[in-house]
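With chain A held as given, fit chains B and C onto it using these hints.
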Amino acid sequence: MTSYYESSARERLANVLDPGSFHEFLPPTERVISTHLVQLETPAAFDDGIIVGRGTLDGRPVLAAAQEGGFMGGAVGEVHGAKLVGLLERARDEKPAAVLLLVESGGVRLHEANAGLIGVSEIMRAVLALRSAGVPVLVLDGGQFGCFGGMGIVARLCDAIVMSEEGRLGLSGPEVIETTCGVEEFDSRDRALVWRTVGGKHRYLLGEANALVADNVAAFRKAAISLLDTKPDLSLEALTEEHEKLGARLEKFGACRDALDIWSALGIEAPEGLPLLEADAFVAKVAGRRA
Amino acid sequence: MDAKTLLEKLFPNGSEVAFDGLYFAGTGESSHGKVAIIGSIDAAPIGVELAFRMAGEVLRIVRDAPGRPILLLVDTQGQRLSRRDELLGINGYMAHLAKCLQLARNNGHKIIGLVYSEAVSGGFLASSLLSDRCYALPESQVRVMNLPAMSRITKIPLERLEELSKSSPVFAPGVKNYLKMGAVNSLWEGDLAQRLAEALDVPPEGDSRRQWGEEREGRKLARGVAERVRHAAG
Amino acid sequence: MEKLTFEFLGGAPVNATRAPALVGVVGSGNLEVLIEPVELGGRCAVEILTAARGFGATWEAVLDDFFARHKLADVRISINDVGATPAVVSLRLDQAVEDFLGGAA
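From first to last, the protein sequence lines are chains A, B and C.
Under this note's numbering, think of the first position of the first sequence as 1, with each following residue one higher.
Under this note's numbering, think of the first position of the second sequence as 1, with each following residue one higher.
Under this note's numbering, think of the first position of the third sequence as 1, with each following residue one higher.
Here chain A stands alone, though its shape is the one from the complex:
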């Protein structure tokens, strides 16, 4: 059993897709690096922290991208963002069964902040255009750096999200909130608090993550296969329904101070025990209780 959390982006792609099926576009040998990092005397990576390419999943053609958190926290710079935008546009041309995004990112890369922010915006537009064209975009989130900043918005633009408990999803990372608003607002070193606020289990209970899996690549692969037939729906009806759900969330949980209060309000008995459960036991326990 290979840990998804501990794997590199390349290992994740190799193990999630069908064995030997991955073919990379603009591989490291092309040396498409960030000239902005070089200008700031900061080491660049030959793939700029993202691997994009094609492969098959359960025999079906997919395009896939994986962000490498080990390089600058997976943050989006000009080249990094453009590689993902190019892949999403390619998907519009090719109409694969799905696009897989193996996200791991702190958001915008500060060394090239403006280029990164615009890049994320272009990714958002490209995801929406691709979904409008009928190609589903699936997100896998279980890496060490989680998925934050603009990539946190991107993830929620997609058709489905697979998370492990270790995967985290949000906008402003706990460290950012603690630095700006103080430790009493968010203690980023309180791991239990961090995980129950932005971790996979809470996201699954809120209905944001479609699947909650154990931390191994085989489980992520299996969940991704099960979501391959997701049909993108950006209709007025679908978005009105989403709007009502999000409105109900604000009404029901808007006054909650902690994830435990929300889990309690969902009718889950002894919610404080949830973080201790293995993925399968957790999913079984909360069945029928998700928002």
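Don't read these hints as lab results, they were simulated from the structure.
Nothing false has been slipped in among the hints.
Derived DSS-like pairs (lysine-lysine); straight-line CA-CA distance at most 27 Å: (1) A/Lys245 to A/Lys285; (2) C/Lys3 to B/Lys155; (3) B/Lys220 to C/Lys3.
Since this is a predicted model, take the numbers as computed values, not measurements.
Leaving out everything else, chains B and C in the frame of chain A:
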């Protein structure tokens, strides 16, 4: 410029806009007929409620006023930073707003963004940057992070950042940098009602920001790299 | 940052159609090693970009050892380093060669 003055200049033929806290919405009479308006004031931090409210207004416009152009006038200091917003999934509320705007776009609504005061980071991503074309007033402020904060986090000396920012638009605050990089299409000066009329005349297009960034030499890599991935062999 | 280049002679050429290999990540205390077949007239060329200045002699010693273990020719090795220790560098170099020579020819 405050929002009320701005509305008078954009819509000399009148506008009906309701202000409620940091949020406002309504319609304005342009040379091309009614335009829907959604905006915020006082450098609003965009949290779950504001994003939700703006999305609701977009859905209402799509339902009740098919095809009506939407003008985003969002003044924001960025996303609201709080544990509660994260707990409730603020990124999902922003994504929902983006999806609603895409629905409007798909249904033939033109979406125009005008940064009239401040646009920062996540708040910018969730608003004006989602428009077909984003414009800005010359005196507006656009940024991800100021240079002293960036210096602290990246551990690159402030003097070095300040020096480099004279020649590179890539990281330093400034609406001109965003213009150069193609995120802001143009700066609106002079007769704002006329600028709006011109923007309303622009035919529907894809996301051309990379091209503008390349032409203006502010973002030289993005277009070519995306193109190479799109057309790579295999 | 510092750029270092080294060359080694007297190795045995590898099959020129061998697929390039990349191991490691450009993160603190780590490095990425890209190894690819290139017609270099029998040389093995190493190019390093490192965040840590002034360690040329250490790199040379690590690479001498590496070349003694793997006598490569017509190969280019490119490294992006963020202050990895010599032990980590040796490990990554060995992993890269293993991937490279073990991969499909």
